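Each chain, letter by letter, is given below.
There are 6 protein chains.
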Amino acid sequence: MAQTKYGDDFRLGEVFETGAVTVTETHVVNWAGLTGDFYPLHMDKEYAAKTRFGERLAHGPMIFALAVGLVGLSGVGADSVIAWLGVDDMRMHRPVLIGDTIRVRVEVKEQTRTKDPQRGVQVWLYTVLNQRGETVMSFDYKMMFHMRG
Amino acid sequence: MAQTKYGDDFRLGEVFETGAVTVTETHVVNWAGLTGDFYPLHMDKEYAAKTRFGERLAHGPMIFALAVGLVGLSGVGADSVIAWLGVDDMRMHRPVLIGDTIRVRVEVKEQTRTKDPQRGVQVWLYTVLNQRGETVMSFDYKMMFHMRG
Amino acid sequence: MAQTKYGDDFRLGEVFETGAVTVTETHVVNWAGLTGDFYPLHMDKEYAAKTRFGERLAHGPMIFALAVGLVGLSGVGADSVIAWLGVDDMRMHRPVLIGDTIRVRVEVKEQTRTKDPQRGVQVWLYTVLNQRGETVMSFDYKMMFHMRG
Amino acid sequence: MAQTKYGDDFRLGEVFETGAVTVTETHVVNWAGLTGDFYPLHMDKEYAAKTRFGERLAHGPMIFALAVGLVGLSGVGADSVIAWLGVDDMRMHRPVLIGDTIRVRVEVKEQTRTKDPQRGVQVWLYTVLNQRGETVMSFDYKMMFHMRG
Amino acid sequence: MAQTKYGDDFRLGEVFETGAVTVTETHVVNWAGLTGDFYPLHMDKEYAAKTRFGERLAHGPMIFALAVGLVGLSGVGADSVIAWLGVDDMRMHRPVLIGDTIRVRVEVKEQTRTKDPQRGVQVWLYTVLNQRGETVMSFDYKMMFHMRG
Amino acid sequence: MAQTKYGDDFRLGEVFETGAVTVTETHVVNWAGLTGDFYPLHMDKEYAAKTRFGERLAHGPMIFALAVGLVGLSGVGADSVIAWLGVDDMRMHRPVLIGDTIRVRVEVKEQTRTKDPQRGVQVWLYTVLNQRGETVMSFDYKMMFHMRG
Numbered sequence: 002m003a004q005t006k007y008g009d010d011f012r013l014g015e016v017f018e019t020g021a022v023t024v025t026e027t028h029v030v031n032w033a034g035l036t037g038d039f040y041p042l043h044m045d046k047e048y049a050a051k052t053r054f055g056e057r058l059a060h061g062p063m064i065f066a067l068a069v070g071l072v073g074l075s076g077v078g079a080d081s082v083i084a085w086l087g088v089d090d091m092r093m094h095r096p097v098l099i100g101d102t103i104r105v106r107v108e109v110k111e112q113t114r115t116k117d118p119q120r121g122v123q124v125w126l127y128t129v130l131n132q133r134g135e136t137v138m139s140f141d142y143k144m145m146f147h148m149r150g
Numbered sequence: 002m003a004q005t006k007y008g009d010d011f012r013l014g015e016v017f018e019t020g021a022v023t024v025t026e027t028h029v030v031n032w033a034g035l036t037g038d039f040y041p042l043h044m045d046k047e048y049a050a051k052t053r054f055g056e057r058l059a060h061g062p063m064i065f066a067l068a069v070g071l072v073g074l075s076g077v078g079a080d081s082v083i084a085w086l087g088v089d090d091m092r093m094h095r096p097v098l099i100g101d102t103i104r105v106r107v108e109v110k111e112q113t114r115t116k117d118p119q120r121g122v123q124v125w126l127y128t129v130l131n132q133r134g135e136t137v138m139s140f141d142y143k144m145m146f147h148m149r150g
Numbered sequence: 002m003a004q005t006k007y008g009d010d011f012r013l014g015e016v017f018e019t020g021a022v023t024v025t026e027t028h029v030v031n032w033a034g035l036t037g038d039f040y041p042l043h044m045d046k047e048y049a050a051k052t053r054f055g056e057r058l059a060h061g062p063m064i065f066a067l068a069v070g071l072v073g074l075s076g077v078g079a080d081s082v083i084a085w086l087g088v089d090d091m092r093m094h095r096p097v098l099i100g101d102t103i104r105v106r107v108e109v110k111e112q113t114r115t116k117d118p119q120r121g122v123q124v125w126l127y128t129v130l131n132q133r134g135e136t137v138m139s140f141d142y143k144m145m146f147h148m149r150g
Numbered sequence: 002m003a004q005t006k007y008g009d010d011f012r013l014g015e016v017f018e019t020g021a022v023t024v025t026e027t028h029v030v031n032w033a034g035l036t037g038d039f040y041p042l043h044m045d046k047e048y049a050a051k052t053r054f055g056e057r058l059a060h061g062p063m064i065f066a067l068a069v070g071l072v073g074l075s076g077v078g079a080d081s082v083i084a085w086l087g088v089d090d091m092r093m094h095r096p097v098l099i100g101d102t103i104r105v106r107v108e109v110k111e112q113t114r115t116k117d118p119q120r121g122v123q124v125w126l127y128t129v130l131n132q133r134g135e136t137v138m139s140f141d142y143k144m145m146f147h148m149r150g
Numbered sequence: 002m003a004q005t006k007y008g009d010d011f012r013l014g015e016v017f018e019t020g021a022v023t024v025t026e027t028h029v030v031n032w033a034g035l036t037g038d039f040y041p042l043h044m045d046k047e048y049a050a051k052t053r054f055g056e057r058l059a060h061g062p063m064i065f066a067l068a069v070g071l072v073g074l075s076g077v078g079a080d081s082v083i084a085w086l087g088v089d090d091m092r093m094h095r096p097v098l099i100g101d102t103i104r105v106r107v108e109v110k111e112q113t114r115t116k117d118p119q120r121g122v123q124v125w126l127y128t129v130l131n132q133r134g135e136t137v138m139s140f141d142y143k144m145m146f147h148m149r150g
Numbered sequence: 002m003a004q005t006k007y008g009d010d011f012r013l014g015e016v017f018e019t020g021a022v023t024v025t026e027t028h029v030v031n032w033a034g035l036t037g038d039f040y041p042l043h044m045d046k047e048y049a050a051k052t053r054f055g056e057r058l059a060h061g062p063m064i065f066a067l068a069v070g071l072v073g074l075s076g077v078g079a080d081s082v083i084a085w086l087g088v089d090d091m092r093m094h095r096p097v098l099i100g101d102t103i104r105v106r107v108e109v110k111e112q113t114r115t116k117d118p119q120r121g122v123q124v125w126l127y128t129v130l131n132q133r134g135e136t137v138m139s140f141d142y143k144m145m146f147h148m149r150g
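For the protein sequence lines, the chains are A, B, C, D, E and F, in the order given. Reading the first sequence from the start, the letters are residues 2 to 150 in my numbering. Reading the second sequence from the start, the letters are residues 2 to 150 in my numbering. Reading the third sequence from the start, the letters are residues 2 to 150 in my numbering. Reading the fourth sequence from the start, the letters are residues 2 to 150 in my numbering. Reading the fifth sequence from the start, the letters are residues 2 to 150 in my numbering. Reading the sixth sequence from the start, the letters are residues 2 to 150 in my numbering.
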């Protein structure tokens, strides 16, 4: 199929918003199983009740993973991305509790040309918000894009 | 239960190695389902066959998640960690194919005292290696630790 | 093993009832993951709260799938079925909410002989009921059966 | 958010094609677990080897479910759909084996106005194709759409 | 619903055989995730290759769990069982490799009356066989049954 | 890697305690799916409400499986175990409800030398406790250990 979207289609400073997903107990239990992270703050209700949070938290790295998934589901990047290069400055700002609903605000933060006119590097700032509009996580997501050249 | 391990128990430059896990097709399919990342390079064998990789790749963020899980399963940090603060400089160095086996080499990279003598911040460098000992991913993992004070 | 049951063992108009299953949040989240259907009415509690349903609904096609599974688990058809031919007139009559419990009432609706005396086609009407006995879905399920010939 | 797409945006006879997904052993095992359909043709390699297929088949209803998911992931309907009304004429044309890759060709087959100018009913014909372009399943998918009125 | 089957319906020494299930890599990975058993003999292909088995084994307790499930799916006990009392003499006779297909042969081994004429205790010997008819596991499964009194 | 722990490192009568895990609805639904045990006491809220328990119970064999997993996650046996030999005297003492949190108390109960000085057999008594410290299950877990010889 012909390429439908290119890195050129995104302007510096442009902002997109994804759909949302409710982070359920199922997400937390399945995440623990897939990754092996059975830390009691996520898996032991009695332990969590004695922490300052009072209940089980979603795993931080899962919020990152769900954010990446939400951006994919939103279709904004479509087929413009060639490769994922990395992540910088990932910070957890607030805990996500079971039952919270998260969505992502994406901002085109940096755009760099490469020697190859058909390839460009961009950094998109992903800000994960909960149902109250509070920032729970943010990170810089770096990708290689197809460019019209 | 009494605290068994503290941030003080880790020396700058110290290195640990975790156990390993084989990244299976099941991991990839379950990951897509949990996060919503159905990008064809991971989910469509026919598409992947036409890329320069020749076959489906594991999702990059899953390698990060599995690395965090492997360190947890290794028990090295035990109950010394208070909170996960964030990640910097996450880079994918090589693709991980279905059937590859990964493990993590952890190096204590930075140790910082805080105003509270019972809390310290440390950065641990996680290097993910495949079954040929090649580095597939690396990142700085920043955590708040209990300190003996 | 010898064939234990044949299409001849079912009389036109005969009715069977299956066991029941509670449709949980886990079913909904796992279903989304397996099929890729992350529509917000199923996955986003905040979105669902603003609809006329007031909460997340189970995916309609999952009710179909669970109905097929319940009939299988009931053992009624046993080893009499050769192949699944198709479905007609599938209709969703009422939404299924997380926590509802569904069961299936099966009625033998049509029986057709084929040129091969050992093969017959039958249509079974599957009516899915919730815990209040309300019909939530119905469909005609068409199968090829072993016949005594 | 403002409505972005309406039933009016689809012309009778228009055709869309979705992305594809490889149907893996993981899909089959997870499907059996979610629905309770442990029929040996899907779950017992030894049994399947003695059938005319020679190996385990994917569950027919799962192909339906994956097709619905693929259309959702393609984003073609976006937020134009109000409700799923039902399915007619679902037929399995060829078996899907573990390792086959399926995609959906969608054709706008029927468009009906309702008394409410802001609501329309449409039937879309979903044709599921394998990696050789062969039709494995087809069905009519009936939905209620937002109309510009 | 009226009780359909009673402990009285099973004769001492009677033998039943269940259907079979192929133990897949998906079973092993999902089992590890659900239970937290990430022992390398099950999860690390490279480690397993160096053992005398040469490849990853299915978890022993999963063979037990699958056996219990296969007996349930066979429908033999139907609604006659009141409660599961325990297990004795569970032994692993041979390893189960990924790709093996197991089924269960059940023998009614002990029948005991209780003071309550409507309740009886029975021990059923479950023998798990692989696709070559070799015994891989056996155990005594003790249950409380409804009796006709 | 060099062997880190041996059977000799455990003294007769020694007691260990594992971390805990909350048994969620997700565990129950995923367990049913993996094993095929869809018994209504676990899967049908309406049925369970009419039993003396008043609600759905966790599957007994899952408590066994989670106990084995919790001991593995605790790291107590580390790499000292060569093989799992079997289980005796598994008894369910109390039901586990969805939402209960379980942990395991392990006692070294029997230690037997074999003809091979580098191999020893040990029986560890696993007692599973709920959040109120009540025993819900107990069993003898028999393993072959590496010995210093």
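I should point out that these hints are in silico values taken from the structure, not numbers from a laboratory. You may find that some hints are simply not true.
Said to hold, decoys possible - With a cut-off of at most 30 Å between alpha-carbon atoms, the simulated DSSO-like pairs for lysine-lysine come out as follows: (1) K110(F) / K110(B); (2) K46(B) / K46(D); (3) K116(B) / K46(B); (4) K46(D) / K51(C); (5) K46(D) / K116(E); (6) K46(F) / K110(F); (7) K110(A) / K6(A); (8) K51(E) / K116(E); (9) K116(D) / K46(D); (10) K6(F) / K6(E); (11) K51(B) / K6(A); (12) K6(E) / K116(E); (13) K6(C) / K51(E); (14) K6(C) / K46(A).
As the list claims (entries may be wrong) - Computed far set for chain D versus chain E, every beta-carbon distance over 12 Å: (15) V30; (16) M44; (17) A79; (18) D89.
Nothing here was measured: the structure is a model prediction, and the numbers come from that model. In this text, a Cβ means the ideal position worked out from N, Cα and C, and glycines have one as well.
### Message
Need the status of pair K110(A), K6(A): alpha-carbon distance at most 30 Å?
### Response
holds, 18 Å
### Task
Compare the distance between the alpha carbons of K116(B) and K46(B) with 30 Å, and conclude whether the hinted pair is satisfied.
Roughly 53 Å between the alpha carbons, so the hint for K116(B) and K46(B) is violated.
### Message
Check whether the Cα positions of K51(B) and K6(A) lie no farther apart than 30 Å.
### Response
OK: K51(B) and K6(A) at ~19 Å, within 30 Å.
### Query
Is the nearest Cβ of chain E still more than 12 Å from the Cβ of V30(D)?
At about 4 Å from chain E, V30(D) fails to clear the 12 Å cut-off, so the statement is violated.
### Message
Can you confirm whether the C-alpha distance between K116(D) and K46(D) stays at or below 30 Å?
### Response
violated, 53 Å
### Message
What's the verdict on K46(D) and K51(C), does the C-alpha distance respect the 30 Å limit or exceed it?
### Response
violated, 47 Å
### Task
Would you mind confirming whether the straight-line C-alpha gap from K6(F) to K6(E) stays at or under 30 Å?
violated, 51 Å
### Query
Between K46(B) and K46(D), does the CA-CA distance stay at or below 30 Å?
Cα-Cα ~22 Å, so holds.
### Task
Compute the least Cβ-Cβ separation between A79(D) and chain E, then decide whether it is above 12 Å.
At roughly 33 Å from the nearest Cβ of chain E, A79(D) sits farther out than 12 Å, so the non-interface label holds.
### Task
Take the C-alpha atoms of K6(E) and K116(E), compute the straight-line distance between them, and say whether it is at most 30 Å.
holds, 20 Å
### Message
Hint check: K46(D) vs K116(E), CA-CA at most 30 Å. Holds or violated?
### Response
violated, 46 Å
### Message
For D89(D), is the shortest CB-to-CB distance to chain E above 12 Å, so the non-interface label stands?
### Response
holds, 32 Å
Hint compliance for this structure: hints 1, 3, 4, 5, 6, 8, 9, 10, 13, 14, 15, 16 are not met, and every other hint is.
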